[in-house]
Amino acid sequence: VTKKFILIAFQLFSCCWIALCENPRWRIPDEIRIPARDDLVVRWGCSIEKVPQDIWVYHLLPHHFSEPVVSNVLSMCSFSYDAEVKHNGDALVVKSRDGALNLSVIVGSGIIHYRTKEVTYGPNNLTKGVPSILALPTFATNFVRALQIPISEVTGFFGTDQFNFSEPMTMYYVGDTTVTNVTFRSVKFRRCVDDIPFVGGDSGSFDVGANGKIIRLDFEWHELERRQRLRTLSAEEITDVLRLGKAYQGLLPMNGDPIDWLTVKKVTIKKALPCYFSGSTGTLFPFLVLFTSIDTGDAVLDAQIECPIVDETKMTPIKN
Amino acid sequence: MNYGTSTNAASSSPLTIRLAWYQAARDAFHNVPFPSGTVINYSVAGDNACHDDTLQTNSSPAGTWFFDTQQVFP
Numbered sequence: 001v002t003k004k005f006i007l008i009a010f011q012l013f014s015c016c017w018i019a020l021c022e023n024p025r026w027r028i029p030d031e032i033r034i035p036a037r038d039d040l041v042v043r044w045g046c047s048i049e050k051v052p053q054d055i056w057v058y059h060l061l062p063h064h065f066s067e068p069v070v071s072n073v074l075s076m077c078s079f080s081y082d083a084e085v086k087h088n089g090d091a092l093v094v095k096s097r098d099g100a101l102n103l104s105v106i107v108g109s110g111i112i113h114y115r116t117k118e119v120t121y122g123p124n125n126l127t128k129g130v131p132s133i134l135a136l137p138t139f140a141t142n143f144v145r146a147l148q149i150p151i152s153e154v155t156g157f158f159g160t161d162q163f164n165f166s167e168p169m170t171m172y173y174v175g176d177t178t179v180t181n182v183t184f185r186s187v188k189f190r191r192c193v194d195d196i197p198f199v200g201g202d203s204g205s206f207d208v209g210a211n212g213k214i215i216r217l218d219f220e221w222h223e224l225e226r227r228q229r230l231r232t233l234s235a236e237e238i239t240d241v242l243r244l245g246k247a248y249q250g251l252l253p254m255n256g257d258p259i260d261w262l263t264v265k266k267v268t269i270k271k272a273l274p275c276y277f278s279g280s281t282g283t284l285f286p287f288l289v290l291f292t293s294i295d296t297g298d299a300v301l302d303a304q305i306e307c308p309i310v311d312e313t314k315m316t317p318i319k320n
Numbered sequence: 001m002n003y004g005t006s007t008n009a010a011s012s013s014p015l016t017i018r019l020a021w022y023q024a025a026r027d028a029f030h031n032v033p034f035p036s037g038t039v040i041n042y043s044v045a046g047d048n049a050c051h052d053d054t055l056q057t058n059s060s061p062a063g064t065w066f067f068d069t070q071q072v073f074p
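Heads up: the protein sequence lines correspond to chains A and B, in order. With the working numbering, letter number 222 in the first sequence gets 222, and the count goes up by one each step, no holes. With the working numbering, letter number 18 in the second sequence gets 18, and the count goes up by one each step, no holes.
Hints in this document: simulated from the structure, not taken from any laboratory. Fair warning: this is a prediction, and the values are worked out from it, not measured in the lab. For glycine and all other residues, C-beta sits at the position ideal for the given N, C-alpha and C. Just so you know, not all the hints are guaranteed correct.
One side only, chain A facing chain B, incomplete, derived with CB under 7 Å [stated by the list, open to error]: (1) F157; (2) S166; (3) P168.
I would like the entire structure built from these sequences, with the hints used as guidance.
In structure tokens form, the structure reads like this:
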């Protein structure tokens, strides 16, 4: 019986491990695997010096919000003292008496969602008191402080920014007149650790609407536990990874032709950016994004290539 | 959560069709690795009277128009 158990356990482990090696966790379903090609010409047009020599794989653990943080969130979301509060396991659900404000805080998981009933606006009823884009950095900084998140772990989406700001716009065409309304402005950010950004995982966003009030909030943040430190691949090893068919082509604009990788003339790497991805798993996986120019023979296209940043066969098996 | 994504229909307020379009895109792109700083905007155009239609409630078109756009990623 023991031998059988060991055999089954070994087979199960092998299946999981093969699945991980064949289909890396950081890959999204629509990405195309670049076929193996020994003769693929790869040129490095940038330095790989900014890629650290070692990189950590992290475990994601629950993030417990402290009482002051929950109190700050209730205050930011404009709840009054007569709000209806319910505890459901480790979830805290708060509703205003009129049902217009709804907050859920998963205290043990580091998740916050807040929604408000949509206010109907129109050409004769425009939104008033929405803070300008210039005022949003202060809102963003105060928000991060209120949640007791180190500002050093917050980054934007463009490499140089810390927060992303945007605004929706509604245009009403009334007779010969166009009336424009901005109902809210948004702040979005994502997490970084060891100066490496998350591209799928912990992040935060909120909308500030009429009279400077937060009208929507989504936030997810985990505790991180270092799990395994691995050496990152050299430029030569990354070139080999591309030739061995272990890399994936990122999404291309829909108005362009697909890339026929078997006839590509040359790939020039312009930038190499280490990133982390967790998705809905309990592990934070590092991977490498290559910003490339691809000479297809007919045209030169800019495309992203995603590939391993470490020898993934050396990663310890994942439980989830 | 309330507002269109709750399974408890008795206590939820359905999203308008317009907002469901945006929310669906935000949810779909939430965990997609777009590290290059890709910005994705979605838009809706329609009759002013139908701006806040839901699947259950709708209004007759009034003949005036709106155009609405929102950033859904990041």
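- Task: Find the hints from earlier in the document that the structure breaks and name them by number, from lowest to highest.
- Result: none
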